[in-house]
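Given only the sequences and the hints, what does the whole structure look like? Please build it.
Chains as they are written, first to last, in the numbering used here: chain A, 890 to 1230; chain B, 890 to 1230.
Keep in mind that a hint or two might mislead.
Note that the list lumps identical chains together, so a pair holds whenever it fits in one copy or between two copies.
[Claimed, not checked] Here are the computed lysine-lysine pairs in the DSS-like style, where the Cα-Cα straight-line distance is at most 30 Å:
hint, residue 1, residue 2
1, LYS1093, LYS1058
2, LYS1058, LYS1224
3, LYS1011, LYS1137
No wet-lab data here; the hints were simulated from the structure.
2 protein chains.
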Amino acid sequence: MAGGIGSRLWPVSTPEMPKQFIDILGVGRTLIQLTVDRFSPVCTMDNVWIVTSRRYVDIVRRQLPEIPEENILAEPEPRNTAPCIAYACRKIAMRNPDANVVVASSDAIILDNVKFIDAVRKALDFTEAGGTIVTVGITPTRPETGYGYIHAAGAQEGCVGKVSEFREKPDLKTAESYLEDGGFFWNAGIFIWNVNTIDEQLRKYAPQISAVMDELAPSFYTEREQTELERLFGRCDKISVDYAVMEKSDEIYVIPCNPGWSDLGSWGSVRTHIDMDTDGNAVVGSDVRMFGCKDCIVHTSGCDTVIIEGLEGYAVASKGGNLLVCRLSEEQHIKDFLASK
Amino acid sequence: MAGGIGSRLWPVSTPEMPKQFIDILGVGRTLIQLTVDRFSPVCTMDNVWIVTSRRYVDIVRRQLPEIPEENILAEPEPRNTAPCIAYACRKIAMRNPDANVVVASSDAIILDNVKFIDAVRKALDFTEAGGTIVTVGITPTRPETGYGYIHAAGAQEGCVGKVSEFREKPDLKTAESYLEDGGFFWNAGIFIWNVNTIDEQLRKYAPQISAVMDELAPSFYTEREQTELERLFGRCDKISVDYAVMEKSDEIYVIPCNPGWSDLGSWGSVRTHIDMDTDGNAVVGSDVRMFGCKDCIVHTSGCDTVIIEGLEGYAVASKGGNLLVCRLSEEQHIKDFLASK
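Listed below in structure tokens is the structure:
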């Protein structure tokens, strides 16, 4: 899934070039490239499918030339994750009716890929027979209030366990109790299922979306596909797969895993994934000189010389003529600042 | 005089495009254009001469197309103000042996031009007969430690008075005593003299420079001029006219004046010359949005959208891929920061 606009990492991420297409960590690969790399032990390039917005198709082609062009699906408009997943899985099912699928966002990072792929393999083995959905549950390392949680009492790392329920983003106190309890995991939006299973589940819990897909399906792999998609995709309910299926179905399992996952959802989280200097400053940029600064994230890869003096706990980011200087403690307001004009 | 490199206003001012060629106040005219505009009541464009570095000649031509090309003099290398002035005045004297001249830098601003030109006219009247040099002395409005001072006990605003001596940049306590005393004025580097007078004074106090000019002069207004200048100009002593002549001569006068002068020598001083919002933020830029900021100067005219949150007393400046964020209290270190790589 590569349709997001990543507004929280403005100005490096913009609607024209959102974060999944950016080398946000300064490692030489964009987040979507890192994501595809990550799955290469379990998935050949022929079997990688990207669902993105129409406006990003060319970027995806450019960044992932090894993926067949027909595997890049263009949503006419964003309808959240359920229609996106329904569309991709239906297409995959038409080509391979028994396909066992991993769904993941294209803009997260994972540090321990071996551990992660090990969990994914176990999940794929588990779902192959059909009838079940597995999510990867990230073992929480802090009482994070920015993620949803999966409750699965007694679930063990590396073993598939039954999910009791999904929980919305908690307040700090609740998050702390989750961490203490030990049976709660971050919902990273990574799902493993057999295409037949998700089809059944969507028919049961999101019949409106399944009906649209039934109408669309005859056009798939024909020259009418994009026209039909333009006409019908927008009719799908705008709903996440979490709400549409996960929270309703009884067949949801989790595989707890602690692979160093982050959704890089904010400048503060990006900072923690870049090597810091002894003052806690994380820098992506060619010639960034810092004086008397502490605990800052600086992302100015398009700049020549950058001089920053006397900042503590700030994000400084620049790209394409846009500039952000903002306390990390206030970064949740960046969206409002952008909308303020 | 337009040869400076304005490093204290980096990155808006750079060696490639220093501050005299920039619309630093966002008023629609660059500082050198404002300077030429300023003298138009007393000087026709035919009589304006610019001495600059070779590398800036094209910029001067572009910004001041109304000035005859041959009036733009190109120094092969910077040798401080005495050789620069000696060269220009010698050329002017060859064309008009009785020329009465005002020398000024091209990167200062003056708010009350009527008052200033009134003082300049009086100074020109005074020097016309020859034998005297008049400097414009700016009535101090604060105990500034960044300027040299002119001591002229009892000198009255708008009246030419005798200078007792020039004083180096003082410490704060000394500057405060100057302000209290009342007989001290800022040395703005604005000099008025008859070309014969400066020639005499240079022969007396800077004979080495005069000797180089004697050797150069036969080439002036010929096609050999630039070649000869390349060969000989670098031989001139590297010295300011203040040290070479002003501090030694007995014929120095001052006309005190309070025209709202500033050399715009730092981001802090630029800030005070731009309209501020109610929080004391001075902004030059197209779409600059400030949140929780106080007493900042923001100069991002090349940028699209700029969001700045939570800064108090900072300079934020961006141009051509370079970026500065620095406390105004630390801005005297910008030169060091630039040299630090």
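Among all the numbered hints in the text so far, which are the ones the structure does not match? none
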